[in-house]
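There are 2 protein chains.
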Amino acid sequence: MVRRTGRRPGNPDTRDAILATARTAFAEKGYDGASIRHIATGAGVDPALVHHYFGTKDKLFLAAMNAPLDPGELIPEVLAGDQDAIGERLVRFFLSIWDSPAGKAGVAMLRSAVSSEWTAKLFREFVVSQVLRRVRQLVPMPPAEAPMRVSLVASQLAGLAMARYVIKIEPLASASPEVLVAAIGPTIQRYVFGDLSGVWASPPPPDTAG
Amino acid sequence: MVRRTGRRPGNPDTRDAILATARTAFAEKGYDGASIRHIATGAGVDPALVHHYFGTKDKLFLAAMNAPLDPGELIPEVLAGDQDAIGERLVRFFLSIWDSPAGKAGVAMLRSAVSSEWTAKLFREFVVSQVLRRVRQLVPMPPAEAPMRVSLVASQLAGLAMARYVIKIEPLASASPEVLVAAIGPTIQRYVFGDLSGVWASPPPPDTAG
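Protein chains in written order, with full-length UniProt numbering: chain P, 1 to 210; chain L, 1 to 210.
If we strip away everything but chain P, and leave its shape as in the complex, we get:
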């Protein structure tokens, strides 16, 4: 059993205790509801120590998820440039990450996400706060449409990761990245900027995407 109080700052278990408490907080309160102050209290340490170890709340979340990369650094690069090719760029970027050594950590994150309701909630908070929210902020979409558009993008990219890296359905699993950019890029482009008038024909559900 892990003791949660009376740790010395140099105790190597302190870092793990903070990360475990952070995972609980992000899953139970969500990204917006979780605070470094509460996480520090839960782990029995001073908030200054959490800042010292991890920096910002975003960086703490990345560490808690064992994320191999920081979406906050990569997403602005991918989204900059020609908006007519944003779908192709997103697919090419997504595949370059998953085909790299970081892809192993991605599969591990996906396996963990699917293993229980609790881990799925934690993963959802991560994807929404670290990826989808940033895409919504950086891509000029009508605000009422943006939550549905980015969740559609997420559905196709999650399925690409599942089909290629987890279930490994051929010939998609062995296809070259450029084949998949040509196949799936237009799907993403339509979800981001295309005519989805049939979707807006029914009133959109309330924005709960955070």
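Just so you know, not all the hints are guaranteed correct.
One copy or two, it doesn't matter: identical chains are merged, so the pair holds either way.
[To be verified] Derived EDC-like pairs: lysine to aspartate or glutamate, alpha-carbon spacing no greater than 16 Å straight-line: (1) K59 / D84; (2) K168 / D13; (3) K121 / E77; (4) K168 / E88; (5) K104 / E88; (6) K104 / D16; (7) K121 / D13; (8) K59 / D32; (9) K121 / E170; (10) K57 / D70; (11) K168 / E117; (12) K29 / E117; (13) K57 / D32; (14) K57 / E73.
Treat the hints as calculated values from the structure; they're not laboratory data.
Keep in mind that this is a model prediction, so the values were computed, not measured.
We have chain P; now place chain L onto it with these hints.
Positioned in the frame of chain P, the structure of chain L alone reads:
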């Protein structure tokens, strides 16, 4: 420990032993390589008993996967009719299954599929032999293109299941089926019948989809 020999036909463990042996056979040898005769030998029973309990190899596979429905019965219905609306029909059908009580078994199958390499392989054999192969047989696609086209369909539908039922990304998770039919139907239609000339520009990989 489960004894594999000397069972009486009426032994309730016999059924479980056959199913466990079948899972191993389907994962290790694939659908085509697994035979009822070998599975019976592995479980220490007569092949006639396997046929008596489960019927065909397809039905044995369904039982081994705890599949809530038989894709072999449902797929021909869904694929019959107007080919210009096949994308919408597939999405509507997919959502009607996952939104029904059978959806819980679907989530359980997906969780299990993702949990290890072995279960992923078993799930892949199931999806390819019970779903994708039938779609390829029933939908008039050029044979050289069909494997990539159906694996693209599988990627979007797997991602829809992940985003809506496992990770639960809003507003997609709470959207009405018809909203998602309007959003994702055209994606599936393009994957099945649309112009994917950019995909065929590079030579397609060898057909390994079974």
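Evaluated hints:
no.	hint	verdict
1	K59 / D84	neither (32 Å within a copy, 48 Å between copies)
2	K168 / D13	neither (38 Å within a copy, 33 Å between copies)
3	K121 / E77	neither (28 Å within a copy, 36 Å between copies)
4	K168 / E88	neither (22 Å within a copy, 25 Å between copies)
5	K104 / E88	neither (23 Å within a copy, 34 Å between copies)
6	K104 / D16	neither (22 Å within a copy, 34 Å between copies)
7	K121 / D13	neither (25 Å within a copy, 37 Å between copies)
8	K59 / D32	within (14 Å within a copy, 48 Å between copies)
9	K121 / E170	between (30 Å within a copy, 12 Å between copies)
10	K57 / D70	within (13 Å within a copy, 47 Å between copies)
11	K168 / E117	between (24 Å within a copy, 10 Å between copies)
12	K29 / E117	within (14 Å within a copy, 32 Å between copies)
13	K57 / D32	within (10 Å within a copy, 51 Å between copies)
14	K57 / E73	within (15 Å within a copy, 51 Å between copies)
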